[in-house]
Amino acid sequence: MSTGASPNKRRAGEAMGGGFVADPRPQVQADQVLGVRCAACGYPSAPAAPWCPVCQSREQKPASFGPGGTVWSSTLVQIPVGRWKPPYAIAYVDLDEGPRVLAHLASPAIVKAGTRVRIVGADEGGDLLVRVA
Amino acid sequence: MSNRNEVVIRGVGSSSYGRFPDRRVESLAWEAILEAMQDAGADAGEIEAVFVGSVFGPPGVATRTLRGIGIGGVPVLTIEAACASGTAAFHEACEAVALGRYSNVLVFGVEHLSSLFTSGAIVPEASDGEGRAGLPLPGLYALQAQRYLDQFGARPEQFAEVAVKNKRNGTRNPRAQLKGHAPTLDEVMSARMIAEPLTFLQCCPVSDGAAAIVVGRPRGAKGEVKVLASALASGGLWDHRSTDFWGEAPVRRAAQAVYAKTGLKASDVDVFEVHDSFTIGEILTLESLGLCEVGEGAALAPSGHTQFDGPQPVNPSGGLLSRGHPLGATGTAQVAEIVWQLRGTAGERQVKKATLGMVETMGGGAAGMEGNASVVGLMTLR
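First to last, the protein sequences are chains A and B. In terms of the working numbering, the first sequence opens at residue 984 and continues consecutively. In terms of the working numbering, the second sequence opens at residue 397 and continues consecutively.
Keep in mind that a hint or two might mislead.
To be verified - Some, not all, of what chain A presents toward chain B, calculated at C-beta under 7 Å:
(1) R993
(2) R994
(3) P1007
(4) V1060
(5) V1094
(6) A1096
No lab work stands behind these hints: they were computed from the structure. A virtual CB, placed ideally from N, CA and C, is assigned to each residue, including glycine.
All chains, full assembly: derive it from the sequences and hints.
Have a look at this one:
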């Protein structure tokens, strides 16, 4: 990984020396992930979707998800990626009654599928951080 | 569907694959196109449309390539479907011929990644939620691999066996990027860890290359390969409700469409070229193609079933793990390999029985979706 990637190569983002790129990640506030829940079918989305991707209802109510969740899978990354230095652990987490989100694990270690975790908050770069509950 | 025209592959060609920083991207495409046109016995004037697969371009690469070979004034379309871009272009060309829109279409895939990514994994897109959060492509596949270990009690060595198999096959492929050495299971397992459980030797290299296909109506020429069916399926939502691994559903959808059109099934296929950008990818793909039940795919390489001399060889070319993965070119390279296998001209890589050949490509990398697209094609010598 070239951490000095020049900005004309791809939309690498400011963390990689590129231009500003609007943040596509779900917003994190304290121990909650912000998003919406469909008023018609209850489908949770984070970040917010313009209409429900399941039932197409336009009525999307602001909602927050967390702090509890269950790990679907996790891995320990051993290469540098952007501002992240190895080793770092990432996981897909199914938030309780909420969406599946990608999260960084506070401890750099793999945890088994089904492990209960809890949102710590956003890290300094705005990434969702969870720890084993 | 009697009003559909029969579609054949008239000719194929490819560049070598590797890191060619000194080569102009067009020159890689020219090498592939020249071979495919000669193989097809086709003139530039016969080509009624050009469909191109490329992910990172550069923008305008299709038209700039055509400048050198005297094809112009016809529709030229570039299709991006991540790693499946080349096969998506191939599929659309087959459909256009089947539906009578054109009689001859030139398809090529081209990519020059060495001038974009100097070392290591591809830099994730900051505009994608998961790329922005630091998920590299090997990480996405590693998450599937870890889940697979947890869910089915598989062993990491079973993943590594896929790399041992495909890299051994790759030593017989003169165009492959990594053809020098067939690593042992110990070497694959002890290679540098990229994202657990995937080691360096379980990840495809970053590559430059091109491949080309002339698709058209049959002329009765020797070596024409009949496209029995091809299908393209995109991904739907991949979320907390999903019972699938990421990426499986588009492959299954495309495969089922091909089986429904032909009345054939996975067990009928003699030879496969499938998407093994990471070892776990080949395993999940073969399950999705219906070669075995979900959870049994990890046993296919260790049992010998998918080995070069096994009953259903998978990736005799060496796959992406050996050939390399010039994204947009990969699908067209897979088609070229299956054509050579069906004709019996694959040289040292020739498998014993090659009557029915299948190509599968999976394009991933869109947060919250099952994938960009998967293409599956089934072919036989006409």
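(Q) Of all the hints numbered above, which does this structure not satisfy? Sort the numbers upward. (A) 5
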